[in-house]
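Since chain A is already given, all that's left is putting chain B on it; use the hints.
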Amino acid sequence: MLHYTLRRLLYLIPTLLGITIVTFVVVSLAPGDPVELINRGQMDARISPESYRQMLHLYGLDDPVHVRYLVWLKRLATLDFGRSFLDQRPVIEKILERLPATLALNAASLVISLVFAVPLGLYAAVRQHSKLDKLGGTALYLLYSLPEFWVALLLIMLFGVKLKLLPFHGMQSLDAEDLGFFGYWWDRLLHMVLPTFCLTYGSLAFLSRFVRGSSLEVIRQDYIRTARAKGLDEKRIVYQHVFRNTMIPVLTLLGLLLPTLVSGSIILESIFSWPGIGNLFFTAVLARDYPVVMGLSFVTAVLILLSTLVADLLYAWADPRVTYR
Amino acid sequence: MWRCLRLVISMVALTASFAGCGGGGNRSEKGAADSTGVASTEPRSGGTVIRRLESECKTLNWVLYTTQYEIFVLRHLYDPIVDFNQAGEMIPVLAAALPIVSPDHLRITVTLRKDIHWQDGTPITSRDVKFTLDKIRDPKIPAINKEAYFEKLDHLEIVDDQTVVFVWKEPFAPSLYAISQLWPIPEHVYSQGDFMTNPANRKPVGSGPFMLEEWSSSQYIKLVRYDGYHGKKAYLDRIIFKVVEDDAVALNMLKAGELDEMRATQIQWEKQTNAPDFTARFEKYHYYVPSYNYISWNCRSGWFSDPRVRRAMTMLFDRESINTKMYSGFARLVSGPFYINSWAYDKTVKPLPFDPQAAKQLFDQAGWSDSDHDGIRDKGGKKFDFELLIAGGSNTAAQFSQLLQEECGKAGIRVRIRQVEGSTLFDRIEKGDFDASMSGWRLDLDPDVFDTFHSSMTPPTGLNHGFYRNPTVDSLLVAGRREFDQAARERIYHQVHRIIAEEQPCAFINAVPEKRPIARKIHGVVISFNGPYDFWPGANYWWIGEGDGTVAAEH
Numbered sequence: 000m001l002h003y004t005l006r007r008l009l010y011l012i013p014t015l016l017g018i019t020i021v022t023f024v025v026v027s028l029a030p031g032d033p034v035e036l037i038n039r040g041q042m043d044a045r046i047s048p049e050s051y052r053q054m055l056h057l058y059g060l061d062d063p064v065h066v067r068y069l070v071w072l073k074r075l076a077t078l079d080f081g082r083s084f085l086d087q088r089p090v091i092e093k094i095l096e097r098l099p100a101t102l103a104l105n106a107a108s109l110v111i112s113l114v115f116a117v118p119l120g121l122y123a124a125v126r127q128h129s130k131l132d133k134l135g136g137t138a139l140y141l142l143y144s145l146p147e148f149w150v151a152l153l154l155i156m157l158f159g160v161k162l163k164l165l166p167f168h169g170m171q172s173l174d175a176e177d178l179g180f181f182g183y184w185w186d187r188l189l190h191m192v193l194p195t196f197c198l199t200y201g202s203l204a205f206l207s208r209f210v211r212g213s214s215l216e217v218i219r220q221d222y223i224r225t226a227r228a229k230g231l232d233e234k235r236i237v238y239q240h241v242f243r244n245t246m247i248p249v250l251t252l253l254g255l256l257l258p259t260l261v262s263g264s265i266i267l268e269s270i271f272s273w274p275g276i277g278n279l280f281f282t283a284v285l286a287r288d289y290p291v292v293m294g295l296s297f298v299t300a301v302l303i304l305l306s307t308l309v310a311d312l313l314y315a316w317a318d319p320r321v322t323y324r
Numbered sequence: 000m001w002r003c004l005r006l007v008i009s010m011v012a013l014t015a016s017f018a019g020c021g022g023g024g025n026r027s028e029k030g031a032a033d034s035t036g037v038a039s040t041e042p043r044s045g046g047t048v049i050r051r052l053e054s055e056c057k058t059l060n061w062v063l064y065t066t067q068y069e070i071f072v073l074r075h076l077y078d079p080i081v082d083f084n085q086a087g088e089m090i091p092v093l094a095a096a097l098p099i100v101s102p103d104h105l106r107i108t109v110t111l112r113k114d115i116h117w118q119d120g121t122p123i124t125s126r127d128v129k130f131t132l133d134k135i136r137d138p139k140i141p142a143i144n145k146e147a148y149f150e151k152l153d154h155l156e157i158v159d160d161q162t163v164v165f166v167w168k169e170p171f172a173p174s175l176y177a178i179s180q181l182w183p184i185p186e187h188v189y190s191q192g193d194f195m196t197n198p199a200n201r202k203p204v205g206s207g208p209f210m211l212e213e214w215s216s217s218q219y220i221k222l223v224r225y226d227g228y229h230g231k232k233a234y235l236d237r238i239i240f241k242v243v244e245d246d247a248v249a250l251n252m253l254k255a256g257e258l259d260e261m262r263a264t265q266i267q268w269e270k271q272t273n274a275p276d277f278t279a280r281f282e283k284y285h286y287y288v289p290s291y292n293y294i295s296w297n298c299r300s301g302w303f304s305d306p307r308v309r310r311a312m313t314m315l316f317d318r319e320s321i322n323t324k325m326y327s328g329f330a331r332l333v334s335g336p337f338y339i340n341s342w343a344y345d346k347t348v349k350p351l352p353f354d355p356q357a358a359k360q361l362f363d364q365a366g367w368s369d370s371d372h373d374g375i376r377d378k379g380g381k382k383f384d385f386e387l388l389i390a391g392g393s394n395t396a397a398q399f400s401q402l403l404q405e406e407c408g409k410a411g412i413r414v415r416i417r418q419v420e421g422s423t424l425f426d427r428i429e430k431g432d433f434d435a436s437m438s439g440w441r442l443d444l445d446p447d448v449f450d451t452f453h454s455s456m457t458p459p460t461g462l463n464h465g466f467y468r469n470p471t472v473d474s475l476l477v478a479g480r481r482e483f484d485q486a487a488r489e490r491i492y493h494q495v496h497r498i499i500a501e502e503q504p505c506a507f508i509n510a511v512p513e514k515r516p517i518a519r520k521i522h523g524v525v526i527s528f529n530g531p532y533d534f535w536p537g538a539n540y541w542w543i544g545e546g547d548g549t550v551a552a553e554h
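If you read the sequences in order, they're chains A and B. Just so we're aligned, residue 0 is where the first sequence starts under numbering that gives the first Met the number 0, counting upward by one. Just so we're aligned, residue 0 is where the second sequence starts under numbering that gives the first Met the number 0, counting upward by one.
So here's chain A without its partners, still in its complex pose (with noise of 0.2 Å):
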């Protein structure tokens, strides 16, 4: 298991520096350069070929692609991310500011789209056929199939403009600081509740419709058959025996979500005005701010991999049949 996980550690070196290097190039293709986007179709003036030239050396980009690539690699042997083109700030100043609050809104959508999605497809498994199966079935398709920014707006307009209830901009109200400890955090948690809501709704509809698929599987399986012979209850053969080896290819799936843990929404961290990862990256890319999405693209591979590297241990861990060696 040491000699799996070392051996697999190692192989995300290349892996990495291949992604690295297949988005830096793609990256570098795109139409245009940063000079030319901060300066025009935003403000005043075009700018003369020779301080054109100038800028371009300032930001280090008038040396060939391959040029770039190492000095940017030899910077992040250090683990120094540079600074982005638009503020000058340092790169990683700026994923941290907004990692919180990614990190914050995707953790609960996580937590609240497994916790409803786990009984209500274990439900729906043992209940095939069931008025509720179908009734949940198509809800969830439904709901699924519905455009996230279209639900957004409406809901804006229903809790935030009609009924007053709830805020849609941003985290925290203007004078949140004023509210005291427990109504600075009623505040942010209210901030919370539409954007949670639909970026939830959607993996919700898909997990559960996951573990129902995965929960039939083994709901067919001989020892489930072979409990029920036994006589044994109910209650703890769905418990006991279906749940926990539903769980198994959930736990694979969990492993792949992580990494949206940290990539942000775009749409929705547009319309809610969430200061996320999301707004950053496209920012940056519509800027041609290389060094920003290096930095977001880097972490999240790395997330990625490390993150599938974890669901594999956990499938081991939780399914003897599989080793590793």
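For the record, the hints were derived by calculation from the structure and aren't laboratory data. Just to be clear, a hint being listed does not mean it is correct.
As the list claims (entries may be wrong) - Simulated restraints, written as ranges between beta carbons of each label pair:
no., chain 1, residue 1, chain 2, residue 2, range
1, A, V114, B, G227, 27 to 35 Å
2, B, T423, A, L142, 54 to 62 Å
3, B, V477, A, L55, 29 to 37 Å
4, B, E545, A, K163, 50 to 58 Å
5, A, L153, B, K409, 42 to 50 Å
6, A, D177, B, G227, 21 to 29 Å
7, A, R74, B, G408, 13 to 21 Å
8, B, A86, A, D174, 22 to 30 Å
9, B, D226, A, F281, 33 to 41 Å
From the three backbone atoms N, C-alpha and C, an ideal C-beta is built for every residue, glycine too.
Chain B alone, transformed into the frame defined by chain A:
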């Protein structure tokens, strides 16, 4: 000189749809002309105004800003040396009087007031002016959008603490405008440490009537009144800028009382802001800003070298029906390359009419006829079949160009519409690599259009992207930037306007107004020749009337 213009895909921002834009909306809005804010009672202090930022500010360093949103904030934090008042006349702000131009027009003397100081109490002196200019011209500092204004500046002389002399390489009329674009930043703050990463870029020490209270990245920027201000104290306690990127969300926030003003889209303006409870709370302002949309013809190409052909092309373009269908009559047709509210714009020059018959005659005269009877005009073996570049993702541009395509088709001309991504579009326009292209100009307040129409300014040197060449225009443009007397300059630019309207190097399409609902509780709103913000004092002296709900619904 690359100072004046900014190429924009203005049509991207102004998406509207043909369907169901039949107008109808009530017209209680005030136009730019008659709206000078009703100050029924005496201004009073207190209250907060919440404004919208459509995107995050990157810096609050005056030398480094690049977006209009940063200017929104900076205009409260800093004072200019000189600026323009609501009528568009230059007035001194930090300066004690208007700049004095020497008889040879080479030396412009600026005298600062003695009683001015930064928000930390340090006096503002001529050294701050020089420091700011040095930073703008420093090749290691990306301030290209301001640097270009001072390309013809030779050097700056400090006479004493209050007096500086701008010495120019040649007489250059836009130099006065250039000085209005120089807003000093404090030397004693910014000379410490690295300029680009200076903490003051996010926590500025300004010279204006408001100071920064708090900046929460991509959330909001809070400004608070600076009571030690050297000028007339502001009334509002606070101005808060909230970052709201999504237009639909912004309108909801406006309705929920979480914003006091925003820029409305055409559809919002026509369909979503006419309910009585909305118009009771918000005044709907529309006003023009220095910009226009146009199609540039590449005069080097075989098709568009003849002015008659270019005129005919414009006459095939039904700009008036675009105006009624897409802007419910709000846009104005333009006939020339100047800001419609500028003294340089000759209002007696009328836009070319939509007249397909006359256009066909012009094509015939120019020798373009359908000699091989395939339905497409040709001349000397060359078919009239060209590519029109437009911005991808812009509905408006697509609809504009389809309308043109249809009319051209009837007249025996084939238009191939090609949508390209924004930066590719700009790239090709700037290289002059197109047959025809659709975009917009955001203009400077100084009317000098040397960069866009002088024959020496063709790509890759300048902004004359269509390779337009006319010796008379050339000499007028040179004369125009050397003439310091406004009346004489006006005559020169009116001539330029007339010739360019005659020769149509571009098809001038329209100027589209900005539309902005502003809460009625706010008094002192002035719509200047350049909109409600970009003039002196802009929104600095807004105030909130008694009983107008100084406590905004805050979430």
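Point to revise | Supplied distance hint 54 to 62 Å, evaluated on CB atoms of T423 of chain B and L142 of chain A | key: Once the Cβ atoms are compared, 39 Å apart, the range 54 to 62 Å for L142 of chain A and T423 of chain B is violated.
**Study point:** Cβ separation of V114 of chain A and G227 of chain B, checked against the hinted range 27 to 35 Å
**Key:** Given a distance of about 55 Å, which is not inside 27 to 35 Å, the answer is violated.
Point to revise | C-beta pair V477 of chain B, L55 of chain A: status relative to the range 29 to 37 Å that was hinted | key: holds, 32 Å
Check your understanding: Taking 21 to 29 Å as the hint, is the beta-carbon distance of D177 of chain A and G227 of chain B inside that range?
Key -> holds, 25 Å
Check your understanding: Is the gap between the beta carbons of E545 of chain B and K163 of chain A within 50 to 58 Å?
Key -> 25 Å Cβ-Cβ, so the 50 to 58 Å window is violated.
Practice item. Take a look at whether the Cβ-Cβ distance between A86 of chain B and D174 of chain A falls inside 22 to 30 Å. Key: violated, 39 Å
Check your understanding: Taking the beta carbons of R74 of chain A and G408 of chain B, is their distance inside 13 to 21 Å?
Key -> At roughly 56 Å between Cβ atoms, G408 of chain B and R74 of chain A fall outside 13 to 21 Å, so the hint is violated.
Check your understanding: Range hint 42 to 50 Å: satisfied by the CB atoms of L153 of chain A and K409 of chain B?
Key -> holds, 44 Å
Exercise for review: Mind checking the hinted window 33 to 41 Å against the Cβ distance between D226 of chain B and F281 of chain A?
Suggested key: This hint holds: roughly 40 Å between Cβ atoms.
Consistency note: the structure conflicts with the earlier hints numbered 1, 2, 4, 7 and 8.
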